[in-house]
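Asker: Chain by chain, the residues:
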Amino acid sequence: MEASKEITRENYKAYVFEKMPKSSHWKNMIWAFVIGGTICVIGQAFIYLYSLWFNAQDASVLASATLVFIAAMMTGFGVYDVIGRFAGAGSTIPITGFSNAVVSPALEFRAEGYVYGVGAKMFLVAGPVIVNGVTISVIVALLTLLFGG
Amino acid sequence: MDVFLMFVKAFAVGGGICLIGQIIINYTHLTNGKILVLFLIAGAVLEGFGLYGKLVEFAGAGASVPISGFGYALVRGAVTAAKQDGVYGALTGGLAACATGVSIAIVSGYLVAVLFRPRTKKK
Amino acid sequence: MDYYKKRTLNFANSYVMEGYTVAGPKENDGRYKGFFDFALEDDMFAQNTFERAERKMFEHAIEGAIAKANLNDGDIDAVIAGDLLNQIVSASFAAKKNHAGFLGIYNACATFVESLIVGSAMLNNGLDNVVCAAGSHFSTAERQYRYPLELGVLRSPVTQWTATGVGATVLSCRSESKVPRITRATLGRVIDYGIMDTNNMGAAMAPSACDTIVTFFKDTQTVPSDYDVIYTGDLGKLGSDILMDLTEQEGYDISEQLHDCGASLYWDEQQTYQGGSGAACSALIFNSVLLGRMRKGQYKKILLAGTGALMSPTTSFQGDTIPAITHLVEVTA
Numbered sequence: 001m002e003a004s005k006e007i008t009r010e011n012y013k014a015y016v017f018e019k020m021p022k023s024s025h026w027k028n029m030i031w032a033f034v035i036g037g038t039i040c041v042i043g044q045a046f047i048y049l050y051s052l053w054f055n056a057q058d059a060s061v062l063a064s065a066t067l068v069f070i071a072a073m074m075t076g077f078g079v080y081d082v083i084g085r086f087a088g089a090g091s092t093i094p095i096t097g098f099s100n101a102v103v104s105p106a107l108e109f110r111a112e113g114y115v116y117g118v119g120a121k122m123f124l125v126a127g128p129v130i131v132n133g134v135t136i137s138v139i140v141a142l143l144t145l146l147f148g149g
Numbered sequence: 001m002d003v004f005l006m007f008v009k010a011f012a013v014g015g016g017i018c019l020i021g022q023i024i025i026n027y028t029h030l031t032n033g034k035i036l037v038l039f040l041i042a043g044a045v046l047e048g049f050g051l052y053g054k055l056v057e058f059a060g061a062g063a064s065v066p067i068s069g070f071g072y073a074l075v076r077g078a079v080t081a082a083k084q085d086g087v088y089g090a091l092t093g094g095l096a097a098c099a100t101g102v103s104i105a106i107v108s109g110y111l112v113a114v115l116f117r118p119r120t121k122k123k
Numbered sequence: 001m002d003y004y005k006k007r008t009l010n011f012a013n014s015y016v017m018e019g020y021t022v023a024g025p026k027e028n029d030g031r032y033k034g035f036f037d038f039a040l041e042d043d044m045f046a047q048n049t050f051e052r053a054e055r056k057m058f059e060h061a062i063e064g065a066i067a068k069a070n071l072n073d074g075d076i077d078a079v080i081a082g083d084l085l086n087q088i089v090s091a092s093f094a095a096k097k098n099h100a101g102f103l104g105i106y107n108a109c110a111t112f113v114e115s116l117i118v119g120s121a122m123l124n125n126g127l128d129n130v131v132c133a134a135g136s137h138f139s140t141a142e143r144q145y146r147y148p149l150e151l152g153v154l155r156s157p158v159t160q161w162t163a164t165g166v167g168a169t170v171l172s173c174r175s176e177s178k179v180p181r182i183t184r185a186t187l188g189r190v191i192d193y194g195i196m197d198t199n200n201m202g203a204a205m206a207p208s209a210c211d212t213i214v215t216f217f218k219d220t221q222t223v224p225s226d227y228d229v230i231y232t233g234d235l236g237k238l239g240s241d242i243l244m245d246l247t248e249q250e251g252y253d254i255s256e257q258l259h260d261c262g263a264s265l266y267w268d269e270q271q272t273y274q275g276g277s278g279a280a281c282s283a284l285i286f287n288s289v290l291l292g293r294m295r296k297g298q299y300k301k302i303l304l305a306g307t308g309a310l311m312s313p314t315t316s317f318q319g320d321t322i323p324a325i326t327h328l329v330e331v332t333a
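Residue numbers (our numbering), protein chains in the order written: chain L, 1 to 149; chain R, 1 to 123; chain B, 1 to 333.
Isolated chain L, as found in the complex (with noise of 0.2 angstroms):
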């Protein structure tokens, strides 16, 4: 090996970065547009669907709360990892991966019981979301009544 070349702990990280196997980008982005594409069109088939006997706004929040159950419910048949596991932030972002967030944890911790797993760890992935959410739709709520929105 070089002089110049010499691995220290200085430029270690740099050298290991070089040396480290690249993800396949743009098979994770190509299959992360079509499966995060595809739930919202599912989303919105059942938008449609609610249309029938709901207002639009309802329809709206029932599709999502369908898809939660939906993707709960793989999650529980072991099906949602094995999506997510190619789909990356496809199968993440929408509101079907903040259900797998919410339920995984649950049904991994059921063996410490019903309070202090099941109900205490149900959040472990997903509580950020709700913590997060709710601060800053108090914040900006607040700043609208301030400033007259």
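Simulated from the structure, these hints should not be mistaken for laboratory data. All values derive from a computational prediction rather than experimental measurement. Fair warning: there could be bad hints in the mix.
As the list claims (entries may be wrong) - Each pair of labels, with its calculated beta carbon distance range:
1. L51(R) x G194(B): 36 to 44 angstroms
2. N10(B) x V79(L): 54 to 62 angstroms
3. S24(L) x V89(B): 35 to 43 angstroms
4. Y88(R) x Y48(L): 29 to 37 angstroms
Unchecked claim - Anything over 10 angstroms on all C-beta distances counts as not near chain B; from chain L, calculated:
5. N55
6. Y116
7. G148
No residue lacks a Cβ here, since even glycine has one placed at the ideal position from N, Cα and C.
Following the hints, complete the assembly by docking chains R and B onto the known chain L.
Answerer: Just chains R and B, lined up with the frame of chain L:
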């Protein structure tokens, strides 16, 4: 024809949001929880400026199904209620608007935990 | 290697009597199918939680090793064991079954080699028979160190797969027949080259493996070609490549001899990316594969270097880098 066009828009916008997420994951190695929070805040802030609602009008489920749509729904709920009931509305509106989604996630999480067992991954 | 401390020790009478392994289903589908003493069909092992399954695997491996060496529970003076779970519960709970003294140890995935070193040192100080054991379980480790099993996540190409398995070794201070002996050992130091990506354990551990292996060669005035094989614990494919670059820089070319327990455990089709990780890797390979080959005379002299990454989820979330350690033993047939 409108219906078909709406599906195309939902696919393109929903897929596009996920694509942006995947690009961020590829180049920053952010973990799942952080990605979810990032998109949630993005949706919430955009709605704070009244923008995300326009995207939802345009793409329907393509904008409301991604987690950014959840942030949008929280903020819209809080802001709408705040305009009616003041500070009280600001505190209750957000959660009220998302109560259905959160409740169903909790209940189905409980249900799945009762009915199923975690499996070891094969791959 | 800027400063020198005495790190290599000699063992006069540490005989490796028997090894016993319990392997998970995926491991038994891997490259060493059929080598293991006991293969699980289901990694729940007829228990209701994965943690209990891991415990039962420990009990089974320790009992199996004692029986295989034609000894009784009463012949064993001490059990030295560790695993990857918090408070090393699997090994500790399993030791309830034994009447021997128990030492619980932890050096992450280097635990198995650490147990061999501690065990050998005790044999030189009055004990007659000790059992050294280490292991890990994919589903318990995954939950503690990464994500819930059913959470859909894209795995990075540098990740490894925590191996499910437990290996136990019986060491004795004397032997009537000719068996392999642990002759020398080099203690690892904790080395941190600043890697923060918890997926990339191989890169975090490679500098420590290089430090220990090179120290051993320097201390004992040996060279890589004196050994049939050099097995590292769970560096994975990338980590092994890095290790070869690092040792070459120090003037030792180990590319001929180097194998990695983790990287060789699975077939590529099993999609573990960099191969196996976890305390089970070196425990399974040493007890099932290496001991067998030494008995057959295939190997005369080998080095086993257990590599361990010493972080916890807490330190990772707090933004700390990953320190690593490598312990090494020389085994002579």
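Asker: Note whether the CB distance of S24(L) and V89(B) lies within 35 to 43 angstroms or breaks it.
Answerer: Holds - the Cβ-Cβ distance for S24(L) and V89(B), about 39 angstroms, lies within 35 to 43 angstroms.
Asker: Since G148(L) was said not to touch the interface, does its Cβ keep a gap of more than 10 angstroms from each Cβ of chain B?
Answerer: holds (41 angstroms)
Asker: Hint says 36 to 44 angstroms; check whether the CB-CB distance for L51(R) and G194(B) agrees.
Answerer: holds (41 angstroms)
Asker: Mind verifying the non-interface call on N55(L)? Its CB should be farther than 10 angstroms from each CB in chain B.
Answerer: holds (33 angstroms)
Asker: Lying within 29 to 37 angstroms: is that true of the beta-carbon distance Y88(R) to Y48(L)?
Answerer: Roughly 35 angstroms apart at Cβ, these two residues keep to the hinted range, so it holds.
Asker: Examine each Cβ of chain B, and state whether all of them lie more than 10 angstroms from the Cβ of Y116(L).
Answerer: holds (14 angstroms)
Asker: For the pair N10(B) and V79(L), does the Cβ-Cβ distance stay inside 54 to 62 angstroms?
Answerer: holds (56 angstroms)
The structure fails none of the hints (numbered hints given earlier).
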